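From just these sequences and the hints, can you work out the full model?
Read off the chains here:
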Amino acid sequence: METLQNLVRELVILIILAVFLELLLPHGDLRRYVRMVLGLLIIVAVLQAGVSFWNRDLAVDLSWVSLGPPDQAATAEIIREGERLWQMGQARAMNEYEEGLARQIKALAGLNPDLRVSEVRVRLEGGAEAGNLGRLEEVILVLDEDGAWGGEEVPVTGQPIAAPDPQAVDRLRGLVADFYGLSPEQVTIVGR
Amino acid sequence: MEITQIVGFGLVAAVLVIILRQYKPEIALLVSVAAGIALFLAILGKIGAVIEVLHDLSRRANVNMVYLGAILKIVGIAYIADFGAQVCRDAGEGALASKIELAAKILILVLAIPIVMAVLDILMKILG
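Just so you know, the protein sequences line up as chains L and C, in that order.
For the first sequence, the working numbering gives the first residue as 40, with consecutive numbering after it.
For the second sequence, the working numbering gives the first residue as 37, with consecutive numbering after it.
Keep in mind that a hint or two might mislead.
Derived pair list, reagent style EDC-like, types lysine to aspartate or glutamate, alpha-carbon separation capped at 20 Å [what the hints assert, rightly or not]:
hint: 1; chain 1: L; residue 1: Lys-145; chain 2: L; residue 2: Asp-183
hint: 2; chain 1: L; residue 1: Lys-145; chain 2: L; residue 2: Glu-224
hint: 3; chain 1: L; residue 1: Lys-145; chain 2: C; residue 2: Asp-157
hint: 4; chain 1: C; residue 1: Lys-141; chain 2: C; residue 2: Glu-129
hint: 5; chain 1: C; residue 1: Lys-141; chain 2: L; residue 2: Asp-217
hint: 6; chain 1: L; residue 1: Lys-145; chain 2: L; residue 2: Asp-217
hint: 7; chain 1: C; residue 1: Lys-135; chain 2: L; residue 2: Asp-68
hint: 8; chain 1: C; residue 1: Lys-109; chain 2: L; residue 2: Glu-137
hint: 9; chain 1: L; residue 1: Lys-145; chain 2: L; residue 2: Glu-158
hint: 10; chain 1: C; residue 1: Lys-109; chain 2: C; residue 2: Glu-88
hint: 11; chain 1: C; residue 1: Lys-161; chain 2: L; residue 2: Glu-137
hint: 12; chain 1: C; residue 1: Lys-109; chain 2: L; residue 2: Asp-217
hint: 13; chain 1: C; residue 1: Lys-82; chain 2: C; residue 2: Glu-38
hint: 14; chain 1: C; residue 1: Lys-141; chain 2: L; residue 2: Glu-137
hint: 15; chain 1: C; residue 1: Lys-135; chain 2: C; residue 2: Asp-118
hint: 16; chain 1: C; residue 1: Lys-109; chain 2: L; residue 2: Asp-68
hint: 17; chain 1: C; residue 1: Lys-109; chain 2: C; residue 2: Glu-137
hint: 18; chain 1: C; residue 1: Lys-82; chain 2: L; residue 2: Glu-61
hint: 19; chain 1: C; residue 1: Lys-82; chain 2: C; residue 2: Asp-92
hint: 20; chain 1: L; residue 1: Lys-145; chain 2: L; residue 2: Glu-176
hint: 21; chain 1: L; residue 1: Lys-145; chain 2: L; residue 2: Glu-177
hint: 22; chain 1: C; residue 1: Lys-141; chain 2: L; residue 2: Glu-61
hint: 23; chain 1: C; residue 1: Lys-109; chain 2: C; residue 2: Asp-92
hint: 24; chain 1: L; residue 1: Lys-145; chain 2: L; residue 2: Glu-135
hint: 25; chain 1: L; residue 1: Lys-145; chain 2: L; residue 2: Asp-209
hint: 26; chain 1: C; residue 1: Lys-60; chain 2: C; residue 2: Asp-126
hint: 27; chain 1: C; residue 1: Lys-161; chain 2: L; residue 2: Glu-138
hint: 28; chain 1: C; residue 1: Lys-60; chain 2: C; residue 2: Glu-137
hint: 29; chain 1: C; residue 1: Lys-141; chain 2: C; residue 2: Asp-118
hint: 30; chain 1: C; residue 1: Lys-161; chain 2: L; residue 2: Glu-135
If you're looking for bench data, these hints aren't it; they were derived computationally from the structure.
This structure is a prediction, so every number in the text was calculated from the model and none was measured.
Spelled out as structure tokens, the structure:
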């Protein structure tokens, strides 16, 4: 019941946010485009809320089936098991978040015609300080071997290198850094 | 009241631009641009409070801040492009205004790519 209450509360706040953002939109021809992106954001938020509600609901059902009535002797064991599961879940969530973020950055970097990015690695803040967990710390873009350096052989493996075309590298670095609110030093571009 | 000052400034600038357009059209265009920028700067301080409210609502609705940042950038791009296109149209350069709008549309779609990827990710998770 509480999860349902949380879901409804999140949706209400989301609707208020959408109405507020809608008021900010310009009047011209570009309004349709901004509304489309705004609609996508709302879809993401609603789906996220729905998926998390469904997962939580399922977890509650399973707990009733598997745990049964509370047992004093097994309580400590259950708590330990719960903490272990929580840590596993957190690690898995961080991994999934990293993978999703890497996919997004790769799609964004794919718009640059000069450099082909074959792989994206992200490093997230792992500390438990409030508000810092999951914050993007570093983005590493691994360039494709063929064509990334104008067809020449890639000189260095896995190390930051001076690119033959620094302007293209700077543009790519600036694009990623600007979008994710990072400093350019946090975006590393390496050869495969 | 700030609104009276803003409206007064806008009316004075409009009259000035109308008079200047008859004798010096190129100066009239510059005055129009300067007045637009001045009006924008006058309300810039108030936008911070609105952004703060939006951040707060996003936090409560569990919306990722990266997506909200993208939306705000898109709104900014739309306003700046709209402003530039209007100035170009005032100067009789309709073709240039269309190019500015086209550039803005492409930039908006570029910024929307991560959000589209997020929608696809969630749909794949639900379906798979």
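Where does the structure disagree with the numbered hints, that is, which hint numbers, in rising order? 8, 14, 28
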